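**Student:** Protein chains in written order, with the working numbering: chain H, 190 to 960; chain Y, 19 to 269.
Fair warning: there could be bad hints in the mix.
Said to hold, decoys possible - Okay, derived cross-link-like pairs now, DSS-like style, lysine-lysine, Cα gap no bigger than 27 angstroms in a straight line: (1) Y:K124 / H:K537; (2) H:K914 / H:K955; (3) H:K537 / H:K249; (4) H:K622 / Y:K20; (5) H:K655 / H:K622; (6) H:K249 / H:K413; (7) H:K413 / H:K242; (8) H:K652 / H:K242; (9) H:K242 / H:K537; (10) H:K622 / H:K955; (11) H:K652 / Y:K124; (12) H:K537 / Y:K20; (13) H:K955 / Y:K124; (14) H:K413 / H:K399; (15) H:K709 / H:K748.
Unchecked claim - Facing chain H, according to a computed beta carbon distance under 7 angstroms, are these residues of chain Y, among others: (16) G28; (17) R122; (18) L126; (19) R127; (20) A232.
Claimed, not checked - Here are the simulated distance ranges between beta carbons: (21) H:R527 / Y:A58: 50 to 56 angstroms; (22) Y:S188 / H:Q939: 26 to 32 angstroms; (23) Y:G190 / H:S944: 35 to 41 angstroms; (24) Y:G125 / H:R501: 24 to 30 angstroms.
Please keep in mind that the hints were generated in silico from the structure rather than gathered at the bench. Keep in mind it's a predicted model, so treat the numbers as computed, not measured. For glycine and all other residues, C-beta sits at the position ideal for the given N, C-alpha and C.
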Amino acid sequence: MIDTEIKVTPQIAAEHGLSPEEYARTQKILGRDPSFTELGIFSVMWSEHCSYKSSRVHLKRLPTRGTHVVQGPGENAGVVDIGDGMVAVFKIESHNHPSFVEPFQGAATGVGGILRDIFTMGARPIAVMDSLRFGPITTGASAGGATAEDIARNRHILDGVIRGIGFYGNCFGVPTVGGEVVFEPCYANNPLVNALALGICRREELFFAKARGAGNPVIYVGAKTGRDGIHGASLLASAEFSEESQQKRPNVQMGDPFMEKLLLEACLEAMRTGAVVAIQDMGAAGLTSSSSEMASRGGLGIEIDLARVPQRETGMTPYEIMLSESQERMLLVAERGREREVFDVFHKWGLDAVEIGRVTEDGILRVLNHGEVAAAIPAHAIAEEGPRYERPIAAPSVAAQAGAAVIVPLAAAGADLTANFSRLLASPTIASKHWITEQYDSMVQTNTTFGPGAGDAAVLRLKESKRALALATDGNGRWGFLAPRLGAMHAVAEAARNVACSGARPIAATNCLNFGNPEKPEVMWQFSEAIDGISEACRVLETPITGGNVSFYNETLGKAIYPTPVLGVLGLMEDAGCALGAGFHSEGDLILVLDGLAQGGGQKAAASSADISSSEYAKTIHGIVAGLPPAIDLAAEKRLIDCLVALAADRAVRSAHDISDGGLAVSVAESCFGRDGLSAEISIDAAGAEDFAEAALFGERGARAVVSVAPASLARVNEIAAQYKVRAQRIGAVTRGEFRIQYRGAAVIQGSIESFRRVWSESLPKAIEAQ
Amino acid sequence: MKFGVVQFPGSNCDADAFHAVGAIVRQPVEFIWHQSEDLAGCDAVILPGGFAFGDYLRTGAIARFSPVMKAVERFARGGGLVLGICNGFQILLEAGLLPGAMMRNKGLRFLCRQVHIRVEATDTPFTGSATRCQVLEIPIAHMEGNYFCEPATLGELERNNQIIFRYVRSDGADADEGDREANPNGSLGAIAGICNRERNVLGLMPHPERAVEASLGSADGLVVFRSLVAGLAAGAGASARASGVTAAVPA
Numbered sequence: 190m191i192d193t194e195i196k197v198t199p200q201i202a203a204e205h206g207l208s209p210e211e212y213a214r215t216q217k218i219l220g221r222d223p224s225f226t227e228l229g230i231f232s233v234m235w236s237e238h239c240s241y242k243s244s245r246v247h248l249k250r251l252p253t254r255g256t257h258v259v260q261g262p263g264e265n266a267g268v269v270d271i272g273d274g275m276v277a278v279f280k281i282e283s284h285n286h287p288s289f290v291e292p293f294q295g296a297a298t299g300v301g302g303i304l305r306d307i308f309t310m311g312a313r314p315i316a317v318m319d320s321l322r323f324g325p326i327t328t329g330a331s332a333g334g335a336t337a338e339d340i341a342r343n344r345h346i347l348d349g350v351i352r353g354i355g356f357y358g359n360c361f362g363v364p365t366v367g368g369e370v371v372f373e374p375c376y377a378n379n380p381l382v383n384a385l386a387l388g389i390c391r392r393e394e395l396f397f398a399k400a401r402g403a404g405n406p407v408i409y410v411g412a413k414t415g416r417d418g419i420h421g422a423s424l425l426a427s428a429e430f431s432e433e434s435q436q437k438r439p440n441v442q443m444g445d446p447f448m449e450k451l452l453l454e455a456c457l458e459a460m461r462t463g464a465v466v467a468i469q470d471m472g473a474a475g476l477t478s479s480s481s482e483m484a485s486r487g488g489l490g491i492e493i494d495l496a497r498v499p500q501r502e503t504g505m506t507p508y509e510i511m512l513s514e515s516q517e518r519m520l521l522v523a524e525r526g527r528e529r530e531v532f533d534v535f536h537k538w539g540l541d542a543v544e545i546g547r548v549t550e551d552g553i554l555r556v557l558n559h560g561e562v563a564a565a566i567p568a569h570a571i572a573e574e575g576p577r578y579e580r581p582i583a584a585p586s587v588a589a590q591a592g593a594a595v596i597v598p599l600a601a602a603g604a605d606l607t608a609n610f611s612r613l614l615a616s617p618t619i620a621s622k623h624w625i626t627e628q629y630d631s632m633v634q635t636n637t638t639f640g641p642g643a644g645d646a647a648v649l650r651l652k653e654s655k656r657a658l659a660l661a662t663d664g665n666g667r668w669g670f671l672a673p674r675l676g677a678m679h680a681v682a683e684a685a686r687n688v689a690c691s692g693a694r695p696i697a698a699t700n701c702l703n704f705g706n707p708e709k710p711e712v713m714w715q716f717s718e719a720i721d722g723i724s725e726a727c728r729v730l731e732t733p734i735t736g737g738n739v740s741f742y743n744e745t746l747g748k749a750i751y752p753t754p755v756l757g758v759l760g761l762m763e764d765a766g767c768a769l770g771a772g773f774h775s776e777g778d779l780i781l782v783l784d785g786l787a788q789g790g791g792q793k794a795a796a797s798s799a800d801i802s803s804s805e806y807a808k809t810i811h812g813i814v815a816g817l818p819p820a821i822d823l824a825a826e827k828r829l830i831d832c833l834v835a836l837a838a839d840r841a842v843r844s845a846h847d848i849s850d851g852g853l854a855v856s857v858a859e860s861c862f863g864r865d866g867l868s869a870e871i872s873i874d875a876a877g878a879e880d881f882a883e884a885a886l887f888g889e890r891g892a893r894a895v896v897s898v899a900p901a902s903l904a905r906v907n908e909i910a911a912q913y914k915v916r917a918q919r920i921g922a923v924t925r926g927e928f929r930i931q932y933r934g935a936a937v938i939q940g941s942i943e944s945f946r947r948v949w950s951e952s953l954p955k956a957i958e959a960q
Numbered sequence: 019m020k021f022g023v024v025q026f027p028g029s030n031c032d033a034d035a036f037h038a039v040g041a042i043v044r045q046p047v048e049f050i051w052h053q054s055e056d057l058a059g060c061d062a063v064i065l066p067g068g069f070a071f072g073d074y075l076r077t078g079a080i081a082r083f084s085p086v087m088k089a090v091e092r093f094a095r096g097g098g099l100v101l102g103i104c105n106g107f108q109i110l111l112e113a114g115l116l117p118g119a120m121m122r123n124k125g126l127r128f129l130c131r132q133v134h135i136r137v138e139a140t141d142t143p144f145t146g147s148a149t150r151c152q153v154l155e156i157p158i159a160h161m162e163g164n165y166f167c168e169p170a171t172l173g174e175l176e177r178n179n180q181i182i183f184r185y186v187r188s189d190g191a192d193a194d195e196g197d198r199e200a201n202p203n204g205s206l207g208a209i210a211g212i213c214n215r216e217r218n219v220l221g222l223m224p225h226p227e228r229a230v231e232a233s234l235g236s237a238d239g240l241v242v243f244r245s246l247v248a249g250l251a252a253g254a255g256a257s258a259r260a261s262g263v264t265a266a267v268p269a
């Protein structure tokens, strides 16, 4: 061992985030005290971020198998079969804390990291989506008492994140095709930046991160190693925020999308030579994770000499090199004797490619520095034998639960709701995200059939076949907070429903689980509940989880975010020509609500006041976040999904848009906004004495979608709906006149569609550029 | 008739241009690596969009020094047809094959959206199949598309009919000063594309290769590629090919 290093003490181990038990465990594994470099390796690999030590026991409950699944969790990304010999590779990952500390670079490297996860598997990334959550950027009932200073900071974070995402994706050349942007006070000091990437390749082109062949060379490729990002995974991602968090800026990595683009092309070209045996990107925990995980998966060891690692700074210690999270780097194992083929490809692209070690038989990750041993640890112990915790779980007491009944003051029957409707359209969560998404290149690669805002899901045609893929992300933190299990089920259902609205069949899912401090029993309870909710919903909707990530410690000054599971659902469409947008098509088309609940299921289909207290409406108009999310009926969701897929395949409907944030009224309005001049005339007659106009128009119960139908197709639509036991209720028609919604004969919302569109489309740019 | 699509490190619309020419317009097409010193016998060359060399220093500033640009320059000077799209346009400006420069978009933000451009002249091999004042719906996606040149240069461009595309309103009417809907990047004279005096080199910021299939939103960009094919068939750029400048000539 190098004897010039700092001698490790229990005190130093504690500063590295290792508990006394974890430290004792390292001593037991090694049979001695760890060296300083070894301590660094253990601390980062056993961090929450890398080891999933608090979540693993729960993640086991997720369904991960299905007819399409080729590779479930455990690799760099999930893989599903999409026919014609092709596979889709996709995953979602968080970059929350870095994006708070340094919004631009944090978001940029979040995109860069997830892209590497895709192409390290041999797939070319074809789309990115971002699910974003920020604190309020406008004042009002829903701002939760945010001060002007808070709002200015939230805008600054939003702006930096948007620019960072655009900076990386635009230059790399992958279309950013959508996602979500949600605003809640709980994300003010802990924004969520979840990036999803999707790639495709032929099945036989897949690569795995599993070392093979003792004696094979280990080759470092890509950018040089610097001191940036050291302990990004352990100290930044695996701890709560305090007032000093801004000082963690040096822990944030710096992204270079141009370098990543070169790395992409070089990696895919090198893979095609056949000389590459295994490959893994250097993401969180950099050289440490890539070397130990590849060795561990192959049941082998790896020996590397850090003196050969390309470095962009001088005097870096073994500790720093092993823990650096410099971006745009990969580690690969090549076939001995064919190194030259690999080097040639990387040199063609102007990239470093250096043999830094070899695969060994002894199962040890051995790190040398100029020949001197800096670390020698069983690879399996680092990668797989980290601590697992069954952390205490405690449901919050009933009194503390947000679910306590709060009465939302409802308007009198027949009252005009136009002003409230306008406020809802202007609410940043509901307002048009066009101002944001047009800063992203959403069209490069020319596969984007439906980009941001055009449909409920993004649709990407496949040049290799007639098929298309659809992609949607969803999550509802407010509902997760009110009822974590139910909220999680809704997240799955909404994402799947969105995919189905585009005409694609949901086939698989990826999840990003954003929670608070897992050492708090209430947070662990939320997590466990959410896992159960996701599991149940994914089983019923037949969307197995193929991967994702867990982000704990989303807390600042002891206050946790809403528990926010974000689901990314992938769909497959047999005929890209059947893809459906959300916007209405022609004047005179009929507007229908499809409702999966209408037949079968124990729940009544009519809207009730219970639907509204947890809604965007209650929050925006009354500042109320209370009650329970609407009940969910997964069988009804499944019926609706199957029905939507059948309707699209039959080309029976002209548009489909699910009913979610803002309820039926917002859904209809959004469908009008798709095409200049189109409007709608809606009339709703509800049965049942306890029904209220606001619950009917703004309630967010699931299993529903608004579709538009050419009059000649109505019979066919009714026939298909009946076949799937879905109720198809005609509520109005597409017009070119005033936008009007009548409830029980009284016009409760009316105005020119242009005025509503203006409110909806100008809200975000006004709020952000006001600074 | 063979098209070449130049690949610089950081080009990212190269495959899209290749797809438009090869799969949609169905013409022979091949990639030309930036270190190539010749154009592999191509009859027309496309400099595609992207971020060549990361657009570090300035868009197109490093790419213009690539070995292939010497060949492109010889080809262009000899009358060969060169189409620069987005980053390719920026590279042509840096290389001096077209006059003027790009500044950052007026709003200082990257913009990706469908825009309307009007065909201002049809007497080029890139617009021969279009009608004058035809309005094309074509997407833009750039951070630096705010075209600028000196008043004298602008006068010359106007006099020689070198302004081939202008950003306009959806009905084809001129964009008013400050109309960021119609002229999103604030280009001088709403200029979206220009050609050289000899009319064989064209640069434009919108992406015609992204508008060749109606299922992706618009097929209006096809007219550029169809014009090129018709132009080549009619002998445009023939002098460059006849004089053999596409072959590997030592500089």
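**Student:** Would the hint linking K124 (chain Y) and K537 (chain H) be met if the CA-CA limit is 27 angstroms?
**Tutor:** violated (37 angstroms)
**Student:** Taking 26 to 32 angstroms as the stated bounds, is the beta-carbon spacing between S188 (chain Y) and Q939 (chain H) within them?
**Tutor:** holds (28 angstroms)
**Student:** Would the pair K955 (chain H) and K124 (chain Y) pass a check requiring their Cα atoms to be no farther apart than 27 angstroms?
**Tutor:** This hinted pair holds, its Cα atoms lying about 17 angstroms apart.
**Student:** Falls inside 35 to 41 angstroms, the C-beta gap from G190 (chain Y) to S944 (chain H)?
**Tutor:** Violated, at about 27 angstroms.
**Student:** Would the hint on L126 (chain Y) stand, with a C-beta cut-off of 7 angstroms toward chain H?
**Tutor:** violated (10 angstroms)
**Student:** Are K709 (chain H) and K748 (chain H) close enough, with their CA atoms no more than 27 angstroms apart?
**Tutor:** Distance of about 11 angstroms is within 27 angstroms: holds.
**Student:** Would the pair K652 (chain H) and K124 (chain Y) pass a check requiring their Cα atoms to be no farther apart than 27 angstroms?
**Tutor:** violated (35 angstroms)
**Student:** For a C-alpha distance cap of 27 angstroms, please report whether K537 (chain H) and K249 (chain H) respect it.
**Tutor:** Roughly 44 angstroms between the alpha carbons, so the hint for K537 (chain H) and K249 (chain H) is violated.
**Student:** For a C-alpha distance cap of 27 angstroms, please report whether K413 (chain H) and K399 (chain H) respect it.
**Tutor:** The given pair, whose Cα atoms are some 23 angstroms apart, holds under the 27 angstroms limit.
**Student:** Is the Cα-Cα distance between K622 (chain H) and K20 (chain Y) 27 angstroms or less?
**Tutor:** Between K622 (chain H) and K20 (chain Y) the Cα gap is close to 42 angstroms, so the pair fails against 27 angstroms, i.e. violated.
**Student:** Given R122 (chain Y) was flagged as interface, is its beta-carbon under 7 angstroms from a beta-carbon of chain H?
**Tutor:** Violated - the Cβ of R122 (chain Y) stays beyond 7 angstroms from chain H, reaching only about 13 angstroms at its closest.
**Student:** Taking only the CA atoms, is the gap from K652 (chain H) to K242 (chain H) under or equal to 27 angstroms?
**Tutor:** violated (42 angstroms)
Checked against the numbered hints above, the structure violates hints 1, 2, 3, 4, 5, 6, 7, 8, 9, 11, 17, 18, 20, 21, 23 and 24; every other hint is satisfied.
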